[in-house]
Amino acid sequence: APAQSIRALAVTEDGATAVSSDTGGAVRVWPTLDGTREPVVVAMRRPVSLAIVRDAKDLEIAGIDGAGQLELAWVSANGEPANRSSVELALAAIAVHATQNGFLVERDDQHLVLVAPSGTSAGEVEPPPGSHIAAIAVHGGVVVALLDSAGGARLRTVFTLRGLAWDDASPVVPIAPRGIALSPSHKRIAAVIQNAQSTRLALFDRARGRRVLLGPDGEFVDPTLAEIGFLDEQTVVVRTSGTPELWHAPT
2 APAQSIRALA
12 VTEDGATAVS
22 SDTGGAVRVW
32 PTLDGTREPV
42 VVAMRRPVSL
52 AIVRDAKDLE
62 IAGIDGAGQL
72 ELAWVSANGE
82 PANRSSVELA
92 LAAIAVHATQ
102 NGFLVERDDQ
112 HLVLVAPSGT
122 SAGEVEPPPG
132 SHIAAIAVHG
142 GVVVALLDSA
152 GGARLRTVFT
162 LRGLAWDDAS
172 PVVPIAPRGI
182 ALSPSHKRIA
192 AVIQNAQSTR
202 LALFDRARGR
212 RVLLGPDGEF
222 VDPTLAEIGF
232 LDEQTVVVRT
242 SGTPELWHAP
252 T
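Under our numbering, think of the first position of the sequence shown as 2, with each following residue one higher.
A hint or two may mislead.
Label pairs and their calculated CB-CB ranges [claimed, not checked]:
#  : residue 1 : residue 2 : range
1  : Arg38     : Arg212    : 19 to 29 Å
2  : Asn79     : Pro130    : 20 to 30 Å
3  : Asn79     : Ser186    : 25 to 35 Å
4  : Lys58     : Gly153    : 19 to 29 Å
5  : Asp168    : Ser77     : 28 to 38 Å
6  : Asp168    : Leu92     : 41 to 51 Å
7  : Ile7      : Ala44     : 13 to 23 Å
8  : Gly142    : Thr244    : 29 to 39 Å
9  : Ser199    : Ser77     : 19 to 29 Å
10 : Ala197    : Lys58     : 31 to 41 Å
11 : Ser186    : Gly153    : 20 to 30 Å
12 : Val222    : Ala57     : 33 to 43 Å
Hints in this document: simulated from the structure, not taken from any laboratory.
Since the model is a prediction, treat every value here as computed from it, not as a measurement.
Don't be surprised by glycine CBs; every beta carbon is placed ideally from N, CA and C.
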C-alpha cells in the first residue's frame with residue numbers, strides 16, 4: 002500500500018481496476034480491487050488528475066500533471082507498463098475524464114477538448130457566452146456539465162460521439178456550483194444545495210432539472226459536503242468533513 006496520501010484516483014467503468022497517484026508522485030495501477038493482486042508502479046509525471054479506460058485487454062491512463070500537461074500511458078491488463086507519450090495542448094489543463102470516445106480534458110480557459118486514444122485532438126467546445134463550467138460528471142458514456150451563470154446553474158449534456166457538441170440546457174437548478182454525480186441510469190443528478198443556514202444533498206431529474214429527493218437537513222453550512230458518486234440508483238457516496246458516508250435515498 003502507498004505510504005503517501007492519495008492525490009488522485011480513477012477507476013475503470015466496470016469497477017475492476019484503478020489507478021492512483023500519491024502526494025509523493027508515485028503512480029500505481031491496481032489490477033484488481035479485491036486484494037488478490039499487488040499494485041504496479043507506473044512511470045508518469047506526478048498527476049494531479051487521472052482517468053483510466055480499458056481497451057480490449059489493455060489499459061490506457063491519462064494524467065494531468067501540476068504544470069497542466071497531459072500524458073498518456075499504456076499498460077497491460079496485469080498492470081505492466083508498455084508505453085507512454087505526452088500530448089501537446091494549446092493551454093494548460095486542470096482535469097481529465099474518461100469517456101467511451103476518448104479522454105475529455107478540461108483546460109484552464111474553460112474549453113473542453115476531446116483527446117482520442119491515439120493522443121490526437123478529436124474535438125473542442127467552450128461554454129456558451131456568459132456561462133462557465135462549474136462541474137462535470139461522466140458515467141457510461143454520458144457526459145453532463147453543470148454550467149453556472151448570472152441567471153443560475155443549468156445542466157447540459159456534452160455529446161462526444163463525433164467531436165464535441167452541447168445539447169439543450171435544462172431549466173435552472175438550485176445547485177451549488179461545485180460538483181455533480183450522474184446515476185447509473187443517467188436519469189438523476191446528485192448535487193449539493195446550500196443556503197445561508199445549511200448545506201444538503203439533493204437528487205435532481207436530469208432532463209427536467211427538477212428536484213426529486215432531498216437529503217437530511219443539515220444544521221450548519223458544511224463546505225466539505227460533496228457527492229462522490231452513485232453505488233446504485235438509490236445510493237450515493239457522500240464526503241462530509243473529509244469522511245465518506247453512504248446516503249440511501251428513500252424509494
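Pairwise beta carbon distance, Val222 to Ala57, judged against the given window 33 to 43 Å:
Given a distance of about 47 Å, which is not inside 33 to 43 Å, the answer is violated.
How does the Cβ-Cβ distance of Gly142 and Thr244 compare with 29 to 39 Å: does it lie in that range?
Holds: the Cβ-Cβ distance is about 31 Å, inside 29 to 39 Å.
Ser199 versus Ser77 beta-carbon gap, inside 19 to 29 Å or not:
Between Ser199 and Ser77, where Cβ atoms are some 48 Å apart, the hint is violated.
Tell me if the beta carbons of Arg38 and Arg212 are separated by a distance inside 19 to 29 Å.
violated, 42 Å
Do the beta carbons of Asn79 and Pro130 sit within 20 to 30 Å of each other?
Distance hint for Asn79, Pro130 is violated at roughly 48 Å.
Confirm or reject the claim that Ile7 and Ala44 have a C-beta distance inside 13 to 23 Å.
holds, 18 Å
Note whether the CB distance of Asn79 and Ser186 lies within 25 to 35 Å or breaks it.
The hint (25 to 35 Å, Cβ to Cβ) holds, given that Asn79 and Ser186 are roughly 33 Å apart.
Taking 19 to 29 Å as the stated bounds, is the beta-carbon spacing between Lys58 and Gly153 within them?
Hint violated: Cβ distance 46 Å, outside 19 to 29 Å.
In this structure, is the beta-carbon distance linking Asp168 and Ser77 contained in 28 to 38 Å?
The hint (28 to 38 Å, Cβ to Cβ) holds, given that Asp168 and Ser77 are roughly 37 Å apart.
Just tell me: holds or violated, for the beta carbon distance of Ala197 and Lys58 against 31 to 41 Å?
At roughly 53 Å between Cβ atoms, Lys58 and Ala197 fall outside 31 to 41 Å, so the hint is violated.
Satisfaction of the hinted span 41 to 51 Å by the C-beta atoms belonging to Asp168 and Leu92
At 25 Å between Cβs, range violated.
Is 20 to 30 Å respected by the C-beta to C-beta distance linking Ser186 and Gly153?
holds, 25 Å
Violated hints, listed in ascending order, are 1, 2, 4, 6, 9, 10, 12; each of the other numbered hints is respected by the structure.
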